[in-house]
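In order, the protein sequences belong to chains W, R, F and U. Everything in the first sequence is counted per the numbering used here, starting at 83 for the first residue and increasing by one. Everything in the second sequence is counted per the numbering used here, starting at 83 for the first residue and increasing by one. Everything in the third sequence is counted per the numbering used here, starting at 83 for the first residue and increasing by one. Everything in the fourth sequence is counted per the numbering used here, starting at 83 for the first residue and increasing by one.
Please note that a few of the clues may not be correct.
Remember, identical chains collapse to one label, so a pair may be satisfied in a single copy or spanning two.
Said to hold, decoys possible - Listed next, the in silico SDA-like pairs over lysine to any residue satisfying Cα-Cα at most 20 Å (straight line):
id: 1; residue 1: K176; residue 2: E292
id: 2; residue 1: K400; residue 2: E289
id: 3; residue 1: K281; residue 2: Q85
id: 4; residue 1: K400; residue 2: S380
id: 5; residue 1: K140; residue 2: R123
id: 6; residue 1: K87; residue 2: H327
id: 7; residue 1: K298; residue 2: L134
id: 8; residue 1: K162; residue 2: E172
id: 9; residue 1: K140; residue 2: I152
id: 10; residue 1: K298; residue 2: G132
id: 11; residue 1: K140; residue 2: G312
id: 12; residue 1: K140; residue 2: R290
id: 13; residue 1: K140; residue 2: L291
id: 14; residue 1: K140; residue 2: H367
id: 15; residue 1: K281; residue 2: I407
id: 16; residue 1: K281; residue 2: I152
id: 17; residue 1: K140; residue 2: V374
id: 18; residue 1: K162; residue 2: F117
Hints listed in this document are in silico derivations from the structure and should not be mistaken for laboratory results.
There are 4 protein chains.
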Amino acid sequence: MTQIKNIGVFTSGGDAPGMNAAIRSVVRSATYYGFDVTGIRRGYEGMINGELFAMDRKSVSNIIQRGGTILKTARSEQFKTPEGRKLAYEQLKKHNVDALVAIGGDGTFTGARIFGQEYDIPVVGLPGTIDNDLSGTDFTIGYDTAINTVIDAVDKIRDTAESHDRVFIIEVMGRDSGLIALRTGIASGAEAIIIPETKTDLNNLCERLEHSRKDKLSKIVIVAEGEDAGGAFEIGRHVKERFPHYDTRVSILGHIQRGGRPSCMDRVLASRVGVAAVEALRDGHRNEMVGVIHNEISYTPFEHACKHTVEINPAFLKIVEILAI
Amino acid sequence: MTQIKNIGVFTSGGDAPGMNAAIRSVVRSATYYGFDVTGIRRGYEGMINGELFAMDRKSVSNIIQRGGTILKTARSEQFKTPEGRKLAYEQLKKHNVDALVAIGGDGTFTGARIFGQEYDIPVVGLPGTIDNDLSGTDFTIGYDTAINTVIDAVDKIRDTAESHDRVFIIEVMGRDSGLIALRTGIASGAEAIIIPETKTDLNNLCERLEHSRKDKLSKIVIVAEGEDAGGAFEIGRHVKERFPHYDTRVSILGHIQRGGRPSCMDRVLASRVGVAAVEALRDGHRNEMVGVIHNEISYTPFEHACKHTVEINPAFLKIVEILAI
Amino acid sequence: MTQIKNIGVFTSGGDAPGMNAAIRSVVRSATYYGFDVTGIRRGYEGMINGELFAMDRKSVSNIIQRGGTILKTARSEQFKTPEGRKLAYEQLKKHNVDALVAIGGDGTFTGARIFGQEYDIPVVGLPGTIDNDLSGTDFTIGYDTAINTVIDAVDKIRDTAESHDRVFIIEVMGRDSGLIALRTGIASGAEAIIIPETKTDLNNLCERLEHSRKDKLSKIVIVAEGEDAGGAFEIGRHVKERFPHYDTRVSILGHIQRGGRPSCMDRVLASRVGVAAVEALRDGHRNEMVGVIHNEISYTPFEHACKHTVEINPAFLKIVEILAI
Amino acid sequence: MTQIKNIGVFTSGGDAPGMNAAIRSVVRSATYYGFDVTGIRRGYEGMINGELFAMDRKSVSNIIQRGGTILKTARSEQFKTPEGRKLAYEQLKKHNVDALVAIGGDGTFTGARIFGQEYDIPVVGLPGTIDNDLSGTDFTIGYDTAINTVIDAVDKIRDTAESHDRVFIIEVMGRDSGLIALRTGIASGAEAIIIPETKTDLNNLCERLEHSRKDKLSKIVIVAEGEDAGGAFEIGRHVKERFPHYDTRVSILGHIQRGGRPSCMDRVLASRVGVAAVEALRDGHRNEMVGVIHNEISYTPFEHACKHTVEINPAFLKIVEILAI
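Work out the full structure: start from the sequences and follow the hints.
In structure tokens form, the structure reads like this:
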């Protein structure tokens, strides 16, 4: 094991609140342990294009509370090719970077895993995605903030729903995972939630809308974008057809879900795994994602972290049904 | 002038944050001045259907901070007919209501004006709409909250826009008025704003996007829904076609703009005009909207309040251009 | 085991955000499972005074998002006496209440434990306190909201601290527990945290302030109210004496920490344990607190939940030190 | 009139939300009109110490939404002396600064007025203070944000007050002005407000607490720090003595009131007056504060802006009384 001297850090894939807190933690703890730090802009794309620069503890002052990522992020087609990865490696060598902390999600770690097999650069990953769809950690950085953003928005829509006796079909993020929909559905008092992990049954939905609280005309349905019935607009169309007397509206929450000041828990999680990532590199770890399971730091090989094996707790679906009584 | 004994209060049209603060103020000040108060649910529709009930000062406890309207709101086709208005009048008589405070916007006051001509019920209006598109008041109840909600959302989207170097076309409310777009465009540092009051010039928009800060790829355009180029999706399509190398996204903020806890200014405005409306009825006013102009209470006949003569200050458009440098 | 027919629910001790979500969950799930529900106002005090009333699923509409507790809360000296508990029991019998769900903290469960030994009324507890100082659950209802409220306030104070190069000593809640200080200290990028679980060493604090980032004059220290050096004012006095050239200020966050709309996680936690409490009573549990450990429902006898054995993870203290570099 | 080439900009006195939006507006509009721009850190103190640096449009990217001031602020004893002002003038000359935009309040403009009499440097001021206590503008930058911060905090305290039936005496900022207390008192549904502009009558306060809503034990009193009865703690002591059966608590909101993301209105105001200040310098104005009166840009000589002649609208005090019924 060669001695690491210079740790590169970057964010990749969709941005998530808390990524800045994670960058800060990596830079500060690397400095604390005597490493040099190199920031890499725009993820793998910037690595290939040589967007590398020295960072120190002051580079990350006053960012713990900011959304987005000061290192910017991008998706890179080039990095999927051996030629692209070779260029990236050459840039790292040129800047004397001999280890990496990759902050991102599934795609980020897939890239990191392949890169780590081809080149002798230890890479450690931090789970940064609002979707919470990674194995190897109870929560991903950004998830807690995103679900708070969603319920804040749904609380506002509920004001209007109650005032007008409206049914609202609200689409939240989650192309492959219903985890945002699941917790926000419970927390916003939704009548029903519709997620990719279960087959969407529009008849069942309509029955629930019909039978739940007949004396109440204002109802909310939370839909994860990845479900298989065509999304919130299609579901809204179906509900309108079946219940023409309802005043049914559709709302797509969209990109607001990725932004905003990170919550306390996201900042703490990001700070913890940032420190642990640097300590892991120091201790010889590589090709692993650092997460938190049962409140303890955990290390998961990239190939296991990437697989979307996160399961939906059926008790949560039952809670939605019980509380919609 | 008959002595008023019982004041009815209702909300009508689209809901707006601060309507509850207005209801509270009307109920409390009517009680203070010795009137009875009758709440009417669901606007004109509920008036026709007899949804009237006695209110006292406790009925409005702990609502000043809540979005929506505890009296609910609706649009009424029936009230547009003489028969509907007759039914409404009979219900008011039945419940001994001999004066009304109507909280709403343009449509609400049009109804009130006609009703006030046909029947001897003095009606005073309060400007409750997020659009700020009424003459006779500097601001409408709900506008200040709505523009804060918009910039909160745009701040979040900007986190993502900056992180990904994206162009965002963001649609805000305003079918006939660009006032929400205007102030939120300035406050969110938008590159350009597009409003119903001016002809939309997509070539000009594209030129501005091209020439403003060439070194900056993240740009925001705020679009009022009522503009004449087809809305944010159509504008987004045009921008994508012209600048295929931009990562252009569209976001429709939608119904979140109507909800939420009212801002301090909206609560103060609602409280002031609520008191003034009751005092106006006591003093013999009728068929007038009570607003605030230059920080003083003002009274505007419904026919003048209704006309959409609110003009856009050209200096505001110039500011957007200057600050987008 | 007698068949339970009517479940009483109450909140007791300090209020916490999410208590309403818990009440809603208990009422709705009790209704779902066929029980009658009795609300008890003002905790044990109201139980003694007969403030009991029937609740149904509609009683808890539109409260999931509200801070405080619709059942109100109080501390009761009377309930600490056998005579008080006897009166309470007689009121429960009078209203046919044959089981209880108690939402509160340490003092609440101590009362419940004694009451459950004296009278044949099964009691199940839900952890409702912002302090997170109960064994038997990873998190208490209200803690997540409170720490978000704290960092929101500290973010605001930091704006001023940075603008003026000031040192701020900020006191947060936590008479016996440093858990609020610990996570908010990490999340707000504090230079140091001071908690009841460790001996306060003012010399060490001053050394850290002196040596950390000498080029930076704006620094934040988070102090839990229960620490042993006399609180934030005393610590501020000491820092001023030692560093007269610092512009040192003290801020006591105070009661804002108990209020506010509950976070998504607090609403989900409250909803989960609310359902589980009713199911536990149905299944014959008694004298237990229902919590969530490692994302699974857990049951802890009151005598174990009450003991303040919550330990501070030393890794968290180390993180504060590392990131203050 | 010499041609201006280089405009210096600084913030001074207490920081206020929206100062960054004002700085951005000055820098961008100066650039737009062809001026060079020099940033001055730490107000007059930094001017004396030579903390001047060139700014361009990019220096102010992504700050419109941030609280505090990127130029930092300070109070300067040195600038009150002729020697200090001479040093400041020499630094301006050295950096070729030939005009100034001063963002601050009363003290800032007093300094600017004297400086402008002694040296041939045109100075224009922008009203930046949360207190709203300047003549020559309807609102100061920061006031709208501060009152929203206050009601957000009071809403949280109210959750606790209602849950525990408590009386809360809440102190807000305003050493010489009751304007923060006045609007937040109305907006938070306070029972009474106590301000410096009127003599504090504790007997009257106690009578109002006694007679207002006897059936309601939870009451809120908003106190401006500058009132003459000794502040919130002293008032709280008096209330406790008079009503020992009340559960009376005191809360000092403190420094959170200065920070936070500026509201939409504060950003718009800051953007407007920033542009107008640069245009004013271009057009030969000097020794004037640029404000907004009745929605139009206004220019007020520093000597008139400084005097605290802002009067309290008695109608506002009446509203508090009426709505506390």
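- prompt: Any of the earlier hints contradicted here, and which numbers?
  reply: 1, 3, 6, 11, 14, 15, 16, 17 and 18
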